[in-house]
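Student: Each chain sits in its own coordinate frame; assemble them with the hints.
Residue strings, one per chain:
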Amino acid sequence: MTVTDHPGAMRLRLPPGLVGSLAAVAAAFLVGALLIAAVGVSPLTAYGALFEAALGSRNGIAETLVRTVPLALCGLGIALAFRAGVFNVGAEGQLFLGGTAAGAIGVLGAGWPAYVLLPAMALSAALAGGLWSGLAAWLKLRFRADELITTIMLNYVAIHLVSFLLHGPLKDPNGALAQTARLTGDGRLPVLLAGTRLHAGILIVLVAAILAHLFLWRRTNGFRLRVVGLNPRAAENAGIDVRRTILFGFLICGALAGLAGFSEVAGVQRRMIENLSPGFGYTAIIVALLGATNPFGVVASAFLFAALQIGASTMESAAGVPSTLTTVIQGLVVLFLIGRAALPLLRDWVADRFRRRG
Amino acid sequence: MLGLLTDPTFVGFLSASMRLAIPIMLAALGGLLAERSGVLNIGLEGMMLVGAFVGFVAAYATGHLMVGVASAVLAGIAAGLILGVYTITLGANQVVVGIALNLLAIGITSFFYRLIFGAGTERPRIDAFVPLDLGSLADIPFIGPLLFRQDALAYVALGLVLVTWFVMAKTRFGLDVRAVGEHPEAAETLGVNVHGIRYFAIGLSGALAALGGAFLSLSATGVFIDGMTAGRGYIALAILILGRRHAVGVLLASLLFGAADALQLRAQILPTGVPFQFLLMLPYVLTIIVLAGFVGRGGAPAALGVPFRRGRSNKE
Numbered sequence: 001m002t003v004t005d006h007p008g009a010m011r012l013r014l015p016p017g018l019v020g021s022l023a024a025v026a027a028a029f030l031v032g033a034l035l036i037a038a039v040g041v042s043p044l045t046a047y048g049a050l051f052e053a054a055l056g057s058r059n060g061i062a063e064t065l066v067r068t069v070p071l072a073l074c075g076l077g078i079a080l081a082f083r084a085g086v087f088n089v090g091a092e093g094q095l096f097l098g099g100t101a102a103g104a105i106g107v108l109g110a111g112w113p114a115y116v117l118l119p120a121m122a123l124s125a126a127l128a129g130g131l132w133s134g135l136a137a138w139l140k141l142r143f144r145a146d147e148l149i150t151t152i153m154l155n156y157v158a159i160h161l162v163s164f165l166l167h168g169p170l171k172d173p174n175g176a177l178a179q180t181a182r183l184t185g186d187g188r189l190p191v192l193l194a195g196t197r198l199h200a201g202i203l204i205v206l207v208a209a210i211l212a213h214l215f216l217w218r219r220t221n222g223f224r225l226r227v228v229g230l231n232p233r234a235a236e237n238a239g240i241d242v243r244r245t246i247l248f249g250f251l252i253c254g255a256l257a258g259l260a261g262f263s264e265v266a267g268v269q270r271r272m273i274e275n276l277s278p279g280f281g282y283t284a285i286i287v288a289l290l291g292a293t294n295p296f297g298v299v300a301s302a303f304l305f306a307a308l309q310i311g312a313s314t315m316e317s318a319a320g321v322p323s324t325l326t327t328v329i330q331g332l333v334v335l336f337l338i339g340r341a342a343l344p345l346l347r348d349w350v351a352d353r354f355r356r357r358g
Numbered sequence: 001m002l003g004l005l006t007d008p009t010f011v012g013f014l015s016a017s018m019r020l021a022i023p024i025m026l027a028a029l030g031g032l033l034a035e036r037s038g039v040l041n042i043g044l045e046g047m048m049l050v051g052a053f054v055g056f057v058a059a060y061a062t063g064h065l066m067v068g069v070a071s072a073v074l075a076g077i078a079a080g081l082i083l084g085v086y087t088i089t090l091g092a093n094q095v096v097v098g099i100a101l102n103l104l105a106i107g108i109t110s111f112f113y114r115l116i117f118g119a120g121t122e123r124p125r126i127d128a129f130v131p132l133d134l135g136s137l138a139d140i141p142f143i144g145p146l147l148f149r150q151d152a153l154a155y156v157a158l159g160l161v162l163v164t165w166f167v168m169a170k171t172r173f174g175l176d177v178r179a180v181g182e183h184p185e186a187a188e189t190l191g192v193n194v195h196g197i198r199y200f201a202i203g204l205s206g207a208l209a210a211l212g213g214a215f216l217s218l219s220a221t222g223v224f225i226d227g228m229t230a231g232r233g234y235i236a237l238a239i240l241i242l243g244r245r246h247a248v249g250v251l252l253a254s255l256l257f258g259a260a261d262a263l264q265l266r267a268q269i270l271p272t273g274v275p276f277q278f279l280l281m282l283p284y285v286l287t288i289i290v291l292a293g294f295v296g297r298g299g300a301p302a303a304l305g306v307p308f309r310r311g312r313s314n315k316e
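Residue numbers (this note's numbering), protein chains in the order written: chain S, 1 to 358; chain G, 1 to 316.
One chain only, chain G, in its complex shape (with noise of 0.2 Å):
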């Protein structure tokens, strides 16, 4: 047994499930904070990929990845206001907006990104964040190449789900959170600042999901690539209804996905003789799997979805 846990190709499994389900899990918090709020994030994915091209960008001209995060970070908060505008203040088809917004992000982004670099063959790159040498740490068994081999970003990603955790059970603006995701008229009369409070999630939930892209341009890649978030942006949806839209519940299901990743990864090298594409299928057979297995079992929020407009009833 301890033979496997220190087998350097178990190691290395661990230490990359870790670092692929660090994307989705930011994303998924992001979602979290929108759900609790009532505000379906369908834009997740759009959000991702503003991100993961915003940081390219502003780490690629100043040299400094945190420069890029940071960009990131605000350009994710534009978005999420951005979306925020229409399901909120509009009452629009939350659906809708987010695949919109979603198709826009592609657009936009390669728009830009092809009047930045031009159509060259040549790829432009950073150089990405660096795993943080933790000494003796990352030889503990399990947890070592688990927690211990990550860069910085990596950590400000598990740092954030305890802070979600903290906020959203701890402090009053969490309590706010949930109050206006599952009873927004009785919130609204403990005189809770309905939309205010819906806009701070959605805005923080763009700041979290481009934090997630980021990470895809910043510290696993190095590059952007048109469409790089392949669909994160959804399964960081279904994430949150394994995770029950809960910190650590969202953290869990993320390693589940990123360990599913991370083995289709090896098997590729190995020769197990099953195709490839069968292997590449893998986080996305998941996604459906636990959608079909795990939805209604979660509990969403009551008003999650519903459009809430100030001194009016929304039940019909």
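Next up, chain S with everything else stripped away, as it sits in the complex (with noise of 0.2 Å):
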């Protein structure tokens, strides 16, 4: 038996382009317009708050930029492990031990110029994700245990490593609080725009896309990627290391989420600390589904979700609409986009009542 026949390595449907993703948006905002007017605020009201604070001033666009950085990292990390056929729920975890390890090479080698110490630290960020997302790739292909499940659990285990760490070992001296020392000037990411907290993150974003996009259309790597994908048993039989392309996928995942971690530690927070993601790698599980796991894609619904986050907190103070609001759109995207697989059986539906009444 290998590891193409186990029931969990289902073929992933790959889901529609951007005619069907901007649907699915619309459709999902207009069910979120139902739901504020049912608190009784108006719709345009609340979506103009949310859209204002988060695109409609400089500082506004450099935010929603900022938030942009880690779903776009991990949704690029997913999108790669998808068309290979890895279903990888645990970006969440990954991100956090790379920022973790961001943060603890940032304390360690503070004093190092700027030059050696953040690749430093982005390397170490992203090898301490591949690490965490290559367990998993070792239960799969060692074990057989279904990814989906192992990742999820290896995202709580995660955070309870982190917290053991951030209490203990790599806690700051000098502070009461579970989180590590501020990085010095040279572990920081520079800012882009001054007044703002635009960071060089945002760059590193543009070239993992591109550099993805080459790779997925340019490369036989990335070709044999998107065969195994499709079709496991079609690659194996064309002689593609399935197993292999099934490990890098996992690798690649990981180390684009430890990355996010690595940024958010290097260019927004300044350390490592406990609450580094509201759930980052999760909404990044979204990103890829409605970017159809395409780079480019990946990176506009990225910005698209962040501003929705950005704005959340502004349309629940102005409009007294919940943020987490934000949360159920972002659902409500994904089975939009799926749920278009309706229409042509609804299609056939009413075609067939018309034709018996004629």
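Just so you know, these hints were derived from the structure itself, not from any lab.
Any given hint could turn out to be false.
Output of the computed footprint for chain G on chain S, the stretches with three or more beta carbons under 8 Å from beta carbons of chain G [stated by the list, open to error]: (1) 135 to 146; (2) 152 to 161; (3) 323 to 335.
Please read all numbers here as calculations on a predicted model, not as lab measurements.
Note that CB positions come from ideal geometry on N, CA and C, so glycine has one too.
Tutor: Take a look at the structure:
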């Protein structure tokens, strides 16, 4: 028995292209509007406040871009894993471990020049995230344990592990909180736009997206990855090393999620903290699906969800609509995205009715 | 030996094991029905959360715990049928739909919680189920604390283990469920309505998962907290494998997890020298070990995860 024919390795049907994605987003916003109206608030007022806060000012756009970084990096990783037929739900834990590694190296290497320290932090973050994801790969390839459940379980384990490290060995000796010491200037990503928090992490996103695109569509290994995701048995028959490709899908996802942790630590928090992520790794699953696992689509959907999240708190204070509406919209986007499969069935049904009458 | 059996710490540990086992056991029974019928229910986690929320709100509003339980069950059925529309009628990827439902459940429950109760610091509470007084039965060594110090909802849950076993093994419906899970084409040839049976199974699956969630809010805590299921719906999927998709197996596997949970809760208070974070990891690590060790030996239904189209073969 090979890894390709256990019950969990069902083929992933990739979501639709641009039109389908936009329609799904529109439908989700429409249902969101109904919920807002049910609260007794005008949907236009609420959405207006949301997008005004997220995109209506220089600082708003900067904050939205800052939020785009972790969502896009995790989303790219999940999308690449998807392409290999791997359903990695573990980006959240991989991000936490990446951030912890970056924070630890950042403190350890205080005093190193920035051109040594930052790459060292980024590399250790990618390594930590990759190793954590590699654990799930090993469990899948060696023991055929479904990655869906193992990666979720590893998220919980990672968050407790990080909590232990931050309460113990990595704790700032001069502080009371469970966090590392503050990074020195050389351990921080440079700010791109003066007066805002927009940091160089967004450049990492752009480079990663371009590389991912070139890899998927211009490299033989990218082609192999896609073949394995589409039909592992055919890939095996064609002489592709399926296990190695799956392992690669895991590792690249972990490395990118780890980098997301690095950029949060070095660009936003400037130290490793216990609540580094409010669920970036989970939202990124939706980002990857909405972006149709196409690197530039992923970045675009990460930007959309970032705007939603950034504007949500303003919407709550200005219009009294709970900010968790954004989570509802995110979930609905996926359901509508998949739900479009209902359209042809509906059409057949309607056609059938007419035929019977006529 | 007898001294240990009546030791208050051990007695407390036993009854806590059962109490902590029940929510995941109910969810796993729900997963059992769905998987036996050929539908992978990754949405158990979300269905539990919806059950915990709806149960809490209904009990809070009416002041009756049983109204809470009934509402949770209805909400669970609704959630199950939504999953059914996607997986059965639309033939969508069952993993993606399940994950989407779980994320949606987190959003919807916390949205309406804030809407109903505001973002205040005072957390609304209800008077949760209390353990029934079964007199001297509770003092029987080992079995007493395990079985006879629980509340009414727990006895309902344990009863459902027997009901599930009976239905699956001894009734026509159970036979149909197993048939459509193993070989839907053959079942259809024999006149079984494959989609109908699967809808029924997934609806019941949602009901059971939601009941498990309601146990968390109505029995274990008396409050609702965002994301209070904390991965129990996913753990239930591992329990299914460990319990070999069999009702009694699920009960025993859940007890093992309940015991692990009870152990870590107790060890946190004792001066064991182990950092509490490592104790908190215990149930999750156990789940991974179970998955790594038992997968492939449980024998999943042949048509698990494969959408069924009427009059069309699924074999490619």
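Student: Can you take a look at whether the stretch 152 to 161 of chain S is actually covered by chain G? Rule is 3+ residues, C-beta closer than 8 Å.
Tutor: This one holds; 7 residues, not fewer than the three required, reach chain G with a Cβ under 8 Å.
Student: With a Cβ-Cβ cutoff of 8 Å, does the stretch 323 to 335 of chain S contain at least three residues near chain G?
Tutor: This one holds; 11 residues, not fewer than the three required, reach chain G with a Cβ under 8 Å.
Student: Take the stretch 135 to 146 of chain S, compare each residue's beta carbon with every beta carbon of chain G, and decide whether three or more fall closer than 8 Å.
Tutor: holds (count 6)
Checked against the numbered hints given earlier, the structure satisfies every one of them.
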